[in-house]
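Given the coordinates of chain A, assemble chain B onto it according to the supplied hints.
Order-wise, the sequence lines are chains A and B. Take our numbering: the final residue in the first sequence is number 258, and no numbers are missing along the way. Take our numbering: the final residue in the second sequence is number 258, and no numbers are missing along the way.
Be aware that one or more of the hints could be misleading.
Copies of the same chain look alike in the list, so a pair counts if it works inside one copy or between any two.
To be verified - Within a straight-line C-alpha distance of at most 20 Å, the following computed SDA-like cross-link-like pairs (lysine to any residue) qualify:
| hint | residue 1 | residue 2 |
| --- | --- | --- |
| 1 | Lys-131 | Ser-158 |
| 2 | Lys-131 | Val-153 |
| 3 | Lys-131 | Arg-104 |
By construction, these hints were calculated from the structure, which means they are not laboratory data. Bear in mind the structure is a predicted one, so any value in this text is a computation, not a measurement.
Number of protein chains: 2
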Amino acid sequence: MPVPCHTQAQALPVGDGLAEDGPSFNAAERAAVYRAIALRRDMRHFAPSPPLPDDQLQRLLQAAHAAPSVGLMQPWRFMRLSSPEWRARLQPLVEAERQRTAVALGERDTEFLQLKVDGIRDCAELLAVVLAPDDGTVFGRLSQPRQMAWCSAACAVQNLWLAARAENLGMGWVSMFDPAALASALSLPAGAEPLGLLCLGPVPAFYDRPMLETTGWRQGRPLGDMLMASPPLPSLSPPPSPV
Amino acid sequence: MPVPCHTQAQALPVGDGLAEDGPSFNAAERAAVYRAIALRRDMRHFAPSPPLPDDQLQRLLQAAHAAPSVGLMQPWRFMRLSSPEWRARLQPLVEAERQRTAVALGERDTEFLQLKVDGIRDCAELLAVVLAPDDGTVFGRLSQPRQMAWCSAACAVQNLWLAARAENLGMGWVSMFDPAALASALSLPAGAEPLGLLCLGPVPAFYDRPMLETTGWRQGRPLGDMLMASPPLPSLSPPPSPV
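Only chain A is shown next, with the shape it has when bound in the complex:
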């Protein structure tokens, strides 16, 4: 069933009040934000749970909807697919992609097939996040229209992820599916694209580190590896000519 419609007037909770010097964050609030960022995990293991209360799901989606978007296009769409029937319908799509992925991986196929790649059956709520058909927004996306739409939707998912972590709920972004097959299963309108299936709900425990690290699939690299030195700037004046 779809979540009920709500209006923009239902804002996010913003704490007990603002500091006297305006909407500034104190050290405790800052630490909480950093904690959510540090402890958020891409979860694949969920605890048995009834569906989330409507007000909690509403808060989480409102957090997603508070994301930035290029030109204010707000290209994210959400579809609630938590019924057992929908889970049963979608699971084979993920399984088929999992088998194709194993083939593409070659020699690590057996190792890959032992990894848990989704929590579709067990999570409290299953949502699809969908990129809306392009609305023709030009502002800020003249040259990279697709990238900027995808990035905007991803920012919404990251908000949802962090809000879920702060609610002590886990979330997993499942990207293992054939997008055409999923678009067809969800009867998406022309031009819409499925970005992910989001598994959301209570978890037995949050992973200490990314699951792909603890299972030995791959190790993350340090921040230092992500920093690029800026190249030398071209000289603004020509070099002196030899005397």
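Relative to the frame of chain A, chain B by itself:
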């Protein structure tokens, strides 16, 4: 100058300690996370400021680096471009795209040209966020490899944005540039893509609402408009034949 390299051992601050029942979030922490999500803005107006302290910039980049990524590919790269020379080099690229955007917008060109679209000259720090050349990761991105890489990098930017807000700093994601021209200016390796110029630093005040709303450019839509109803599931058994 590039920010110094640090190792993964330098973790994010995660607060004073964990709750007795594990790493759970209490109501105050939860409210802080929701506040950061609600009060984060895409900023274009910055206050005069010296460069950020190294430890603060390091914390912010570590928050970005804590983002999820498909197959743990961590495709985000950052380049610090805060020198006056780099700002002067990059400003004309943004201005050229601004002029092209005005032409593409047609009848709203004058209105558009009155909007402030970047804070490159005034922000305390100017960073480029770059998508690394594809590393061939297959896990989770067999069918949508480019999209999943963009989404992962965008999650990192959203982490940075929220951490900055919690540090009472503003950030703006400038996407108005020709990507080929920017890639050339930054001497990016083949296959790398510039996703944005990030303006970061103290601001005179955070916008109450998105700047594109307060300037009358465009109004955001309510969450209800973003919720799609799931389609009817195909019946698993054929309809009974007429007697």
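Going through the hints against the structure:
With identical chains, the CA atoms of Lys-131 and Ser-158 are at most 20 Å apart between copies only, with a shortest distance of 19 Å across copies and 38 Å within one. For the identical chains of this complex, Lys-131 and Val-153 are inter-copy neighbours only, at 16 Å across copies versus 41 Å inside a copy, given an alpha-carbon limit of 20 Å. With identical chains, the CA atoms of Lys-131 and Arg-104 are at most 20 Å apart within one copy only, with a shortest distance of 19 Å there and 48 Å across copies.
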